[in-house]
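2 protein chains.
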Amino acid sequence: MAYHPLTEAEAVTYVKRLPNLFSEGAELSSKEIGDGNLNLVFQIQDAATGKSVIVKQALPFARVVGESMPLTLDRSRIESEALVFQHKFVPELVPQVYHHDDELALTVMEDVSDHVLLRKGLIGGNRYPQFPKQIGRFLAQTLFFTSDLGAHPFEKKAWVGKFINPELCKITEDLVFTDPYEDHPGNNFNPLIRNEVEAIWNNIPLKREIAHLKYGFLTRAEALLHGDLHTGSIFVTETSTKVIDPEFAYYGPLGFDIGALIANLLLNFAGQHGLQPDREERESFRNYLLDTVEAVWNEFVSQFVQLWHKQAKERSAHVEGFWQEYVNRLIQDSAGYAGCKMMRRVIGLSGVADLNSIADDHVRAEAERLALQIGQALVLERKTIVEATDITAIVRREAAKFYQEETV
Amino acid sequence: MAYHPLTEAEAVTYVKRLPNLFSEGAELSSKEIGDGNLNLVFQIQDAATGKSVIVKQALPFARVVGESMPLTLDRSRIESEALVFQHKFVPELVPQVYHHDDELALTVMEDVSDHVLLRKGLIGGNRYPQFPKQIGRFLAQTLFFTSDLGAHPFEKKAWVGKFINPELCKITEDLVFTDPYEDHPGNNFNPLIRNEVEAIWNNIPLKREIAHLKYGFLTRAEALLHGDLHTGSIFVTETSTKVIDPEFAYYGPLGFDIGALIANLLLNFAGQHGLQPDREERESFRNYLLDTVEAVWNEFVSQFVQLWHKQAKERSAHVEGFWQEYVNRLIQDSAGYAGCKMMRRVIGLSGVADLNSIADDHVRAEAERLALQIGQALVLERKTIVEATDITAIVRREAAKFYQEETV
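Chains as they are written, first to last, in this note's numbering: chain A, 10 to 417; chain B, 10 to 417.
Here chain A stands alone, though its shape is the one from the complex (with noise of 0.2 Å):
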């Protein structure tokens, strides 16, 4: 079938299609539920069953604030294949693609929308014990064997050629470490905030560590990433996590990945300045914000630290004492990914609801500018970082001049 996008109707029919979903006669309900600035969502249900899947076809568009600029279909396939790869390693923390349809860019997976965006969840104040666990298990596991330490070298070169994604990484190089960082009319930012950007725009120092961080998203090709790992891309649940939308995917540096995550609790707990007014329950959530922070690396590392021992095929990673030098790179790397994933939410063109739903200009202003100080500090001090404390300790510290500043 010619590309067009589907219409709720043509997505029931073309579900019925497929073998194996629904029994013959069910009558299926289709509801679009996506948003519409990049992909079709159609929810597809069999009322009688309570069975339902998700059909997610990609727009040959990106609509973001207003403006439509064309984006590759390819970015189905390989957000498909990519669901496939991490599938098979932590098939309980990724949705099962039942068919996928690279004519119509369009993929029928499993429907997890019993569960809620962590993004959701954390701006509502809950908490998720499991996560960190999960979550660690995702990460060590679709990092590790997809890199060159787990995976044999022929087949990690393979899979480099399959996911070359220029047009998406595009976005991230543009979007995350570039415009932010100067004077750029696709930026998007509360005018009440425009000292310290500027002040942003004018740190030399700053802006190189940035050109770093950047050039190795450029270049380090060393494991399949998921490539846009925020809160808005983790579906959870009480005991449940699901990693959904990896269109971003393509071979890139681990910390990438595990910077995203942290840059996105981090962005709650700034927030939580406005989203929490009282100030014991606001302490408290940001104590288990900043936990779930620690606890996220240090989940990740011991498992990957266990896989590294026990399954590394490379030779060479078992020379004593490499691990730890690569660990250590690696957490540092995660701050600095972090740090500026930081601040393009603050600066450039796509912001997080944990700032924007601060409905006051004022307060979310301040709230902006902590986040925006937590991110440097992330990018200056990287390679101060040694643990997972290190880095609540920078956030505790900026979190702590911040209050002593307001209240002078």
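Treat the hints loosely; a few may be bogus.
Restricting the straight-line Cα-Cα distance to at most 25 Å, the calculated cross-link-like pairs of lysine to aspartate or glutamate (DMTMM-like) are [unchecked claim]:
1. Lys171(A) <-> Asp111(B)
2. Lys171(B) <-> Glu176(A)
3. Lys322(A) <-> Glu182(B)
4. Lys40(A) <-> Glu112(A)
5. Lys322(A) <-> Asp183(B)
6. Lys392(B) <-> Asp287(A)
7. Lys97(B) <-> Glu33(B)
8. Lys319(A) <-> Asp111(B)
9. Lys392(A) <-> Glu329(A)
10. Lys322(A) <-> Glu207(B)
Calculated directly from the structure, the hints in this document are not laboratory data. Every value quoted in this text rests on a predicted model; they were computed, and no experiment measured them.
Using the hints, position chain B against chain A.
Only chain B this time, still in chain A's reference frame:
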């Protein structure tokens, strides 16, 4: 035509069919001049005009020290595409490709055999004053314009995919970065230096640094490398340089190409211990070699930085001072890769004539010890290196130590 190794007569028939090479009815001679280990190399000549071309055909195996292993014919495509690519940037420094045949794994190209192999020239004690400027230009142009600094990110990513070269990379991964540093049956070293070799096998800090360098070779897709830039891949005259044989071409760290060249100049430096018995002559030629190392780096870096300032498309490349930190890291990488390349030529499967042509086992062992000392120092001390004179100072220091110990 289905793949089969051509005979000398078939090579003539093949070339005669191509337009614009020889006049109709030309009487062509054919001579296989390759070493037969990896490829057939036919020189086809028109006696009447003196005009000649090279027909290079890949064999489906590699023959090394008597053993034969299968090896992809795809390397012929890679080599031919890399030659065409490099020729675009530096037409005077790379043989022109007239024709490529994927099925026969065969390339017809410019005959540069009026030049001499640089390795042979240096072993003969000859000097090539134009060489640093020319090879500096080759390195600066080919590395800059294929990197994220000088290419559009879409182009660069397409080229990464085109030059994925798993089998030939694996040869480097094993023979340069892994086998020489453990007791591997493929190694092939002078029994007289077993103590020194075993000391390397037991030197954990050294092996850890080599593991980092190998990881960089595996993951850092920075620029399209020649991939095997030793002095046996370079033809020279007093006034001209031609770089051949890029069948190992792939996207890797820039320092690997620069390091390969430095290593081979320094292997000749070590070899002079046995090649040149006259002490004064030896000192003089060694000074020439070290001057060449410095000039190669300085020529490269001045041309590379000029391209950077004038032609870098990557916006972040223009952040103040970024280029300096980039170049600092690059000379350190280059020194590290040079060190690995030196050690592997002494310990590993494949030696170099600069050492192997020393007939006396004891004298050769001394030269090999010196090469190992220099190689180790370059790997272990690379992070202290800022300028080319820091590299040559390490070499001079190791040579001075060596002759002190020899005379005690």
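Taken at face value, is the distance from the CA of glutamate 33(B) to the CA of lysine 97(B) at most 25 Å?
Given pair lysine 97(B), glutamate 33(B) is violated - Cα atoms ~29 Å apart, limit 25 Å.
Given the hint that lysine 392(A) pairs with glutamate 329(A), does the C-alpha gap stay at or below 25 Å?
The hint holds at about 22 Å.
For lysine 171(A) and aspartate 111(B), compute the direct alpha-carbon distance and say whether it is at most 25 Å.
holds (22 Å)
25 Å limit on alpha-carbon distance, applied to hinted pair lysine 319(A) and aspartate 111(B)
Outside the cut-off at roughly 42 Å; violated.
With a cut-off of 25 Å on the C-alpha distance, tell me whether lysine 322(A) and aspartate 183(B) pass.
Between lysine 322(A) and aspartate 183(B) the Cα gap is close to 13 Å, so the pair holds against 25 Å.
Below or equal to 25 Å on CA atoms is what counts here, so check lysine 392(B) against aspartate 287(A).
Measuring from Cα to Cα gives roughly 51 Å; hence the hint is violated.
CA of lysine 322(A) to CA of glutamate 207(B), is that 25 Å or under?
Holds: lysine 322(A) and glutamate 207(B) sit about 24 Å apart, inside 25 Å.
Pair hint outcome, lysine 322(A) versus glutamate 182(B) [Cα-Cα no greater than 25 Å]
holds (13 Å)
Assess, step by step, whether the Cα of lysine 171(B) is no farther than 25 Å from the Cα of glutamate 176(A), and give holds or violated.
Satisfied, since the Cα-Cα distance of roughly 17 Å is no more than 25 Å.
Need the status of pair lysine 40(A), glutamate 112(A): alpha-carbon distance at most 25 Å?
holds (22 Å)
Of the numbered hints given earlier, the model fails hints 6, 7 and 8; all others are met.
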